[in-house]
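Visitor: Use these hints to put chain B onto chain A, whose structure you have.
Protein chains in written order, with this note's numbering: chain A, 1 to 115; chain B, 1 to 114.
These aren't lab readings, by the way, just hints derived from the structure by calculation.
Incorrect hints may appear among the rest.
[Stated by the list, open to error] Covered, in the sense of this in silico footprint (three residues per stretch, anywhere, with C-beta under 8 Å from a C-beta of chain B), are these stretches of chain A:
(1) 41 to 48
(2) 103 to 115
[As the list claims (entries may be wrong)] Okay, derived cross-link-like pairs now, DSS-like style, lysine-lysine, Cα gap no bigger than 30 Å in a straight line:
(3) B:42 to A:62
(4) B:106 to A:44
(5) B:68 to A:51
(6) B:42 to A:27
(7) A:71 to A:44
(8) B:109 to B:1
(9) A:51 to B:1
(10) A:51 to A:71
(11) B:1 to B:42
(12) A:44 to B:1
(13) A:71 to B:42
(14) A:27 to A:44
(15) A:62 to A:44
(16) A:62 to B:1
(17) A:62 to A:51
(18) B:42 to A:44
(19) B:109 to B:42
(20) B:109 to A:51
(21) B:109 to A:44
(22) B:42 to B:106
(23) A:27 to A:51
(24) B:106 to B:1
(25) B:109 to B:68
(26) B:68 to B:1
(27) A:62 to B:106
(28) B:106 to B:68
(29) A:71 to A:27
Glycine included, C-beta positions come from ideal geometry on N, C-alpha and C.
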Amino acid sequence: NAGVMQNPRHLVRRRGQEARLRCSPMKGHSHVYWYRQLPEEGLKFMVYLQKENIIDESGMPKERFSAEFPKEGPSILRIQQVVRGDSAAYFCASSPLTGEPYGYTFGSGTRLTVV
Amino acid sequence: KQEVTQIPAALSVPEGENLVLNCSFTDSAIYNLQWFRQDPGKGLTSLLLIQSSQREQTSGRLNASLDKSSGRSTLYIAASQPGDSATYLCAVIVTQGGSEKLVFGKGTKLTVNP
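Just chain A, with the same shape it has in the complex (with noise of 0.2 Å):
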């Protein structure tokens, strides 16, 4: 099980550039959240999707922003024109249901740098 696989490791985009950051989940599971770490700071939440479904985006920045979970592939959380603030650690987690004792499972992240 190759566990949470989060691409690319790192990404330097320049100031007004799009960034893409993909997210596959363990085997079997079909919850995907997203969360950022910014410096100095704790993990925040952004956005939990299931397959085709955005579940909560109570977290996410209402501009530029956006996730999705498409049937087939990655999950993709996309910044569009980016700005030096979005420079942060951004995590995927999965797991297999809601409500049941699993816990969560996380990549190893992105760590986006915009310059």
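Guide: Quick look at chain B alone, frame taken from chain A:
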């Protein structure tokens, strides 16, 4: 709004010591609680998951307790080793309106000196 606090923010101990990391949360209506370890520049490794109906969980040298009524959890590490040096994160799992999410504390950075 659920808030999670971890004390201390940093801790430095000599190898071999037993130590306790503290976590408190403001709303006792949690589903579960999970402790993680994060090494510098790395992802999160799950250490222990405590269901809301449980009072403690053990794995090797680690023991985590949960007291929902007082809004507290502790992570006990026995016979600490330099390899235990990392940031330890406490997170409560909350459910609301069909959604589920983790609310994290800012962590305790542990250094175990040889």
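Visitor: Does each hint hold? Answer for all of them.
Guide: Hint check:
1. 41 to 48: holds (count 6)
2. 103 to 115: n = 8 at 8 Å, threshold three: holds.
3. B:42 to A:62: Since the Cα atoms of residue 42 of chain B and residue 62 of chain A sit roughly 28 Å apart, the hinted pair holds (cutoff 30 Å).
4. B:106 to A:44: holds (10 Å)
5. B:68 to A:51: violated (33 Å)
6. B:42 to A:27: Holds: residue 42 of chain B and residue 27 of chain A sit about 21 Å apart, inside 30 Å.
7. A:71 to A:44: Distance of about 26 Å is within 30 Å: holds.
8. B:109 to B:1: holds (25 Å)
9. A:51 to B:1: Satisfied, since the Cα-Cα distance of roughly 28 Å is no more than 30 Å.
10. A:51 to A:71: Holds: residue 51 of chain A and residue 71 of chain A sit about 6 Å apart, inside 30 Å.
11. B:1 to B:42: holds (29 Å)
12. A:44 to B:1: holds (13 Å)
13. A:71 to B:42: holds (29 Å)
14. A:27 to A:44: holds (25 Å)
15. A:62 to A:44: holds (15 Å)
16. A:62 to B:1: holds (20 Å)
17. A:62 to A:51: Distance ~22 Å between residue 62 of chain A and residue 51 of chain A Cα, so the pair holds.
18. B:42 to A:44: holds (16 Å)
19. B:109 to B:42: holds (14 Å)
20. B:109 to A:51: violated (36 Å)
21. B:109 to A:44: The hint holds at about 18 Å.
22. B:42 to B:106: Within the cut-off at roughly 16 Å; holds.
23. A:27 to A:51: Since the Cα atoms of residue 27 of chain A and residue 51 of chain A sit roughly 13 Å apart, the hinted pair holds (cutoff 30 Å).
24. B:106 to B:1: holds (16 Å)
25. B:109 to B:68: Holds: residue 109 of chain B and residue 68 of chain B sit about 24 Å apart, inside 30 Å.
26. B:68 to B:1: holds (16 Å)
27. A:62 to B:106: holds (24 Å)
28. B:106 to B:68: holds (20 Å)
29. A:71 to A:27: Judged against 30 Å, a Cα distance of about 14 Å means the pair holds.
Against the hints set out earlier in the document, violations occur for numbers 5, 20.
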